Structures are given as structure tokens and as C-alpha cells.
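**Student:** Please model the entire structure based on the sequences and the hints provided.
Listed below are the residues making up each chain.
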Amino acid sequence: LAKTTQPISMDSYEGQEVNITCSHNNIATNDYITWYQQFPSQGPRFIIQGYKTKVTNEVASLFIPADRKSSTLSLPRVSLSDTAVYYCLVGDSSASKIIFGSGTRLSIRP
Amino acid sequence: NAGVTQTPKFQVLKTGQSMTLQCAQDMNHNSMYWYRQDPGMGLRLIYYSASEGTTDKGEVPNGYNVSRLNKREFSLRLESAAPSQTSVYFCASSEVGRITEAFFGQGTRLTVV
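Chains A and R are the protein sequences, given in the same order. Letter by letter, the first sequence follows residues 51 to 160 in this note's numbering. Letter by letter, the second sequence follows residues 1020 to 1132 in this note's numbering.
Derived by calculation from the structure, the hints in this document are not laboratory data. These numbers were taken from a predicted model, which means no experiment stands behind them. It is possible that part of the hints are untrue.
Each computed EDC-like pair below joins lysine to aspartate or glutamate, with the alpha-carbon atoms no more than 20 Å apart [what the hints assert, rightly or not]: (1) A:K147 <-> R:D1075; (2) A:K147 <-> R:E1071; (3) A:K147 <-> R:E1120; (4) A:K147 <-> A:D81.
**Tutor:** What follows is the structure, encoded as C-alpha cells:
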């Protein structure tokens, strides 16, 4: 899996839009960008995956520029329950293993 | 549909004791994984199994052994527990060709005293 760099922590307030950026300069042609969310005392949960441009689901949006060297996870109108660690992974979906980095610890305040 | 089930949820061991952490998935996935997560840290891969009958070392395999009993079950064994193995252990599974869309269990919180 390609090496990724994301902020260690971020703070925001309820109702705000939060954008977490992940840098992956060495992304390969076959690599996808995947984000996981981990609530305290729970296992990580897959939330979104994309290859290029924009992907949106009920939880988040993922923006990927044309060069694919970075990506941005966007959480609209966050609430206290969005407080979690968010992990960015970049790799070929046919790879044999998944390696996680340190993630971004997002804290939402009232 | 239970997904990934881990047992036990909590365990306290004395240094030198052994134990096996159990993991079972009901999604017919080929790949299974064991991770450990120390307080305030990210997940580190201990062992993984790309298919039934195969296992491979991850980032931190020392002190652990694994068994892929069948397609559903993947166990992690600590032969002689040490305080440094105090951690939360997560099991996960994923489908071939969709490796990066993994499903995780709720974790086993292990304390070695």
C-alpha cells in the first residue's frame, strides 16, 4: 500500500463541514483511496472508497483531484457523534493485506 | 447477519499464561486479519490469511501464532503472554478483489499483568 500522510488531529464544532486531507504522492495506477472511521472502543468501519473525481454516500464525500496525489474526506454538518479517528488508505484492492497508518483524530465540540 | 464475531471481549492474563483469541465471520470472505491497537495508537497488522490454508506475517508477528481453521475461523494464540501484549485485538475479514473494504469485529481487550 502507498504511504499516506494525514493530520494527526483536528477540532471542529457541531454543524460545521469538516474536510480531512490525505496526501499520497506515490499512488499507483491501480490504487484506490479508502477511508475508515473508528469510534472509541469499536473496530474501524469502512466509510467510502474512490478512484478519481468525486464519490458521495450517506456518510461522506470523497474528492480526488486529477493527479490523484491527494484526497479529501468531507463530512457535512458534523455532530458530536462524528468524533472518531479517520484513516486514509491507498492501495490496490487485489492486494493481500491492509496496513493502517495513525489516522486523524477528529474532535467535535458543541 | 453477525458479520465478524470475536471472543472473548475481555481477558486478563498473568505473565507467562497462554490463550487463544477466536474470530469467526459469516460473510464467506476469503481474507482474514488480526490487528492490535495500543492506547491512542493506530492499528498494526499481526498476521493475515489471504485464503483458507494460508497465513502470513504482518508488521508485528513476534509472540503470536495463528491458525486458519477453515474459511470462517481465524484464531490468534499467545503462547506465553507478556505485559507488552496488553492491547485491544481486532479481527477483520474482506473479499478477494475488495481487500481494502474490510469488516471488523468489536475487539478483544487483553490485559497482561
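**Student:** Run every hint past the structure and note whether it holds.
**Tutor:** These are the hints, each one checked on the structure:
1. For the hint pairing K147 (chain A) with D1075 (chain R), the CA-to-CA distance comes to about 9 Å; that is within 20 Å, so the pair holds.
2. This hinted pair checks out: K147 (chain A) and E1071 (chain R) have alpha carbons roughly 15 Å apart, not beyond 20 Å.
3. The straight-line distance between the Cα atoms of K147 (chain A) and E1120 (chain R) is roughly 11 Å, inside the 20 Å bound, and the hint therefore holds.
4. For the hint linking K147 (chain A) to D81 (chain A), the alpha-carbon distance of about 13 Å falls within 20 Å, and the restraint holds.
Comparing the model with each earlier hint shows no violations; every hint is respected.
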